[in-house]
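Trainee: Sequences are here, hints too, so could you generate the full structure?
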Amino acid sequence: MHLQLDRVSKVFGEGRSSKLVLEDISFEILPGEFVALVGSSGSGKSTVMRLVAGLERPSAGAVLVDGRPVRGPGSDRGMVFQKYSLYPWLTAAENVAFGMELQGRGRPEIRERTAYFLEVVGLAGSASLYPRQLSGGMQQRVAIARALAAEPQLLLLDEPFGALDLQIRESMQEFLYQLWQRTGLAALLITHDLEEAMLLAQRLHILAPRPGRIVRTISLASERSDLAHLRVSPQFLELREDLARTLRSLDGALGA
Amino acid sequence: MSARSQPRLLRALLHPWSLGVAGVLAVVIVWTLVSASGTVDKLFLPSPAAVWAAGQQQAAEGLLWSDIRASVSRVGAGFALSALVALPLGIAMGANRVICRLLEPLLALIRYMPAPAFIPLLIIYFGLGELPKVLLIFIGTLFFNTLMIMDAVKFVPSELVETALTLGGRRDQVLVRVITPCIIPQVIDAYRINMASAWNLVIVAELVAATEGLGKRISLAQRFLRTDEIFLGLIVIGLIGLLIDLSFRLLLRRTCTWAV
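These protein sequences, in sequence, are chains A and B.
FYI, the numbering for the first sequence is 6 to 261, going by the numbering used here.
FYI, the numbering for the second sequence is 966 to 1225, going by the numbering used here.
It is possible that some hints are incorrect.
DSBU-like mimics (lysine-lysine), calculated; alpha carbons at most 35 Å apart, straight line [unchecked claim]: (1) K1119(B) with K88(A); (2) K24(A) with K1007(B); (3) K24(A) with K88(A).
Chain B is faced by these chain A residues, among others (derived, beta-carbon under 8 Å) [to be verified]: (4) A58; (5) P78; (6) G104.
None of these hints come from the bench; they were simulated from the model.
All values reported here derive from a predicted model rather than from experimental measurement.
The beta carbon of each residue, even a glycine, is placed where N, CA and C say it ideally should be.
Mentor: Below, the structure written as structure tokens:
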């Protein structure tokens, strides 16, 4: 799918208490592309995601999927929330099957695809466990499997690893990267973690806060066979420092 | 005492219920001692033995069972009706802002009208039969049940609803497959809590007008100064209430393992 945001603005509230949250956001995601939005809190990055998901409507501008404006949520844009999005009364397998059941797919197909996607996220052995019996990382992998099983064309990831410990987060980043390479899915990642965005995305946009707007766009080299190695390579660190300065200056301008 | 029985005794003492049982036993013992000492007139404080005897007599005459049946079936009918209406109403109010704004002020107002104050009206409308008693329980619990269910719906995490929408779910699917299962534990708990007021109301209704029932038996006992029968009535009412409470707890634990 081809996603376009064309001069999108978003205002919350009305009249005197209204607040401009996003101003003139334009970017696009081509089929199979991995794009990241990086910004501190207040940059409205989650609002961008909600606009793309169809959970919010833009106040101005347009969110277009294959040229047509988004009218609401749909299974073509699967979403993974930061946390607490698994249904606690369903097992891991039932959670993965949930979206396909809503879509009205046949039972054998659901069973087969559930098993397949649990396998993909490495949780075939935990199919019958309930969310509270799973660790945070396992829960997020179930949430990703559930989103994938509904056959989206664009995967929306809203700080998917934000609530995880550093070590688990790194292994989840590896996992997500490999998954993206295997599936060839387009993805939009929202994060405040610069390193995460740089490791995973082909293109990243830096958002300035209050109101949220894109201030810098960077294309990243697509060759990255070894993320652990990439993390500590001099070029990577240099670019990271450069971008971190940009982010800091945005926050500093706010404080001044 | 053998060496092996000791840990078993200790374990029994450490059981979470043992303190509660001890508390009840203590009251019964104090009651026995005070009534045996003769310091309080038997008319005011009948002995446990006298209450037990009154119970045996009523059981033998069949009065006890018919009273229990009468009260329990009134509570059952009135509360079942209230639970049945409150569930869809509460979900609709919790999930739909228009319905909520329309009904919430009205419900909040009626909720502050004491249900027993409706008794005269109900008697004028429906006479002295079963219907006004059942309706009293219905009126007295409907609004609490509805508002508690509405609150439960409002506290369903938005991520759960939005996830379903982004998976391609329709609004009606969200209602049936996300919101409803999510609130079941709170619904059961709301029913458990409001059951207590249903049980209070049936006794009040029977005090006013009835031919049988546990409340009626108590008010008859007062007329003949039979404090032993009043004590009996109170204890039976308490025990049945406790039993209902425990069965709701059991139901919750059995059906919603994920939430307890």
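Trainee: Now look at each hint and say whether the structure bears it out.
Mentor: Taking the hints in turn, this is what the structure says about them:
At roughly 19 Å between alpha-carbon atoms, K1119(B) and K88(A) fall within 35 Å of each other, so this suggested pair holds. Distance hint between K24(A) and K1007(B) is unfulfilled; the C-alpha atoms sit about 75 Å from each other, more than 35 Å. Among the hinted pairs, K24(A) with K88(A) is consistent with the structure: their alpha-carbon atoms are about 27 Å apart, no more than 35 Å. Hint on A58(A) holds. Least Cβ distance to chain B is approximately 5 Å, under the 8 Å limit.
Proximity of P78(A) to chain B holds as hinted, the smallest CB-CB distance being about 4 Å (cut-off 8 Å). Evaluation of the G104(A) hint against chain B yields a held restraint, the C-beta minimum of about 3 Å falling below 8 Å.
Violated hint: 2 only; the structure is consistent with all others.
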